[in-house]
Amino acid sequence: MKYLMLLYADSPMPEPGTPEARRLFDDWAAARQAMTDAGVLIECTPLQPASASTTVRVRGGEMLLTDGPAAEIKEVFGGLTLIECDGLDEALKWAARLPTASAGKVEVRPFFQVPD
Amino acid sequence: MQDACALALTKWPVEGVPSNPLGWLVGVARHKALDLLRREARRAPLEAAAARDWPSPQDAASGKEELGDEELALIFMCCHPALDPEARIALTLRCVCGLATAEIAAAFVVPEPTMAQRLVRAKRKIRQAGIRLKSPGREDLPRRLAAVLRAVYLIFTQGHMAPVGPDLVRGTLCEQAIRLGRALATLIPDEPEVAGLLALLLLTDARREARTSDAGELILLGDQDRGRWNAAKITEGTALLGRALKVGRPGPYQLHAAIAACHVEPVTDWREVAALYGELARHEPTAVTEANRAVAVAMAEGPATGLAILDSLGSRLARWPQFHIARAELLHRTGRTREAIAAFRQALDLPLPQPEQAFLERRISDLSRPRAGPGSALVHAGNAELRVRVHRHLAVARRRLGAGGRRTGRGS
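Residue numbers (this note's numbering), protein chains in the order written: chain A, 1 to 116; chain B, 117 to 528.
Hints in this document: simulated from the structure, not taken from any laboratory.
Keep in mind that this is a model prediction, so the values were computed, not measured.
In this text, a Cβ means the ideal position worked out from N, Cα and C, and glycines have one as well.
Among the hints, erroneous ones may be present.
Said to hold, decoys possible - Chain B is faced by these chain A residues, among others (derived, beta-carbon under 8 Å): (1) Met1; (2) Met35; (3) Pro110.
Unchecked claim - Simulated pairs of lysine to aspartate or glutamate, EDC-like, Cα-Cα distance not exceeding 16 Å: (4) Lys349(B) with Glu400(B); (5) Lys93(A) with Glu325(B); (6) Lys241(B) with Glu107(A); (7) Lys74(A) with Glu107(A); (8) Lys93(A) with Glu255(B).
To be verified - Simulated coverage check for chain B against chain A, where a stretch passes if three residues somewhere in it have a Cβ under 8 Å from a Cβ of chain A: (9) 249–261; (10) 354–363.
From just these sequences and the hints, can you work out the full model?
If you want it as structure tokens, here you go:
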């Protein structure tokens with residue numbers, strides 16, 4: 001099954017070059033390596049802040065653009081990880097290994113499966 | 117499942133308990149549950165949806181069972197920590213115990229469609245999120261087991277302490293919980309908390325008959341007719357507890373069971389109870405634990421000492437009727453009758469089962485009369501043999517929990 005992990009950080013990303021940023025980078029490199037070795041990793045990336053978002057709607061054939069995210073939420077949605085593994089228990093284990101789980105929250109969202 | 121249980125009761129004495137009682141019960145229940153589902157499907161579309169939402173055998177086939185048993189896997193799946201805690205209990209009763217949705221709804225005082233909806237939602241989550249029918253591996257066992265034990269404990273408490281209304285005891289739920297506890301103790305024999313939970317349920321349930329009068333009124337522990345206690349359950353519970361404590365890994369269920377064991381002794385050793393609550397506070401550091409310790413301290417060292425602990429907890433427990441009842445009793449015992457009556461009234465303002473309401477009203481009218489005597493604390497002649505047995509097991513507990521003894525020392 002495929003699971004999308006939405007990464008909600010408690011605080012914005014640390015400034016590049018600081019010891020915190022280096023530690024975070026190392027922690028992510030280790031988590032990414034472990035997921036790669038286990039053969040579950042599909043994608044894992046931080047995102048630009050929501051201030052860089054553009055929201056698109058098409059109404060009556062006309063494209064409407066809004067500066068900013070689609071939904072204003074308190075949490076900082078800062079990145080995503082996409083894995084494929086056997087079931088929820090395995091997915092939750094990987095979620096707990098992500099650095100964001102210890103300094104924020106990780107929402108584990110299963111992919112929709114077409115019933116056979 | 118009641119059908120299956122009735123069958124089990126008629127069969128076991130002749131054939132002996134099957135080596136895997138849960139599997140046997142579930143196996144029988146599943147067969148009967150299918151009949152039931154077919155019948156329900158005709159009248160309750162929601163329940164039919166619940167049946168459809170159940171994971172298919174293909175979903176369940178992946179993975180090897182480390183603990184060996186499909187039925188155990190079923191319990192772990194129903195009590196998965198990713199499910200809503202209330203849904204876990206409902207699912208366990210529906211899918212493991214085979215209770216009908218209507219029965220579960222009645223036990224939890226919610227309308228049947230609400231309970232059906234809760235079950236549908238939980239089963240859908242199991243399917244959509246990829247929760248597997250699979251026992252957890254060794255490393256995950258403690259965490260996953262905690263959720264299972266909690267669910268079984270809550271099923272029992274729901275049966276033992278109905279939230280509102282005339283039914284103080286819902287025997288079916290108590291029996292289902294004990295049956296689950298027994299099955300778990302058989303399937304997971306090396307986890308002392310499993311045996312601790314079963315011991316706790318047995319020692320508490322042993323007093324079920326004696327807790328209410330024929331008129332349905334609540335009878336306090338000290339006033340209960342010990343002849344109506346179930347000696348077999350007490351013997352089994354204390355023996356289980358003794359074996360569990362010998363493993364040397366005490367946990368909250370073993371401690372609660374040890375406290376329950378103190379209460380079935382002919383004379384309660386309140387110092388011991390206070391020490392056990394002190395030890396329990398390390399596992400469950402809540403205001404309720406502390407309030408219970410306060411009562412035990414009051415019984416061991418005098419009401420004023422206990423009252424001081426209780427009063428320090430007031431703001432955190434204002435919505436808990438038992439807090440006001442305990443405070444009222446201790447106020448009464450220190451001669452502060454008017455404050456005691458006020459505290460009883462505070463308890464009456466909160467939702468309580470009918471027998472407890474009646475009890476509190478009696479208490480208030482007793483205290484309102486001049487020269488009211490203290491609450492009676494009848495001492496019953498106990499079964500001497502039983503006393504020795506309980507004492508022996510508690511001696512083990514005392515040695516194991518040596519640290520606990522020092523905790524009450526500060527007041528004495």
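query = Among all the numbered hints in the text so far, which are the ones the structure does not match?
reply = Violated hints: 2, 4, 5, 10; rest satisfied.
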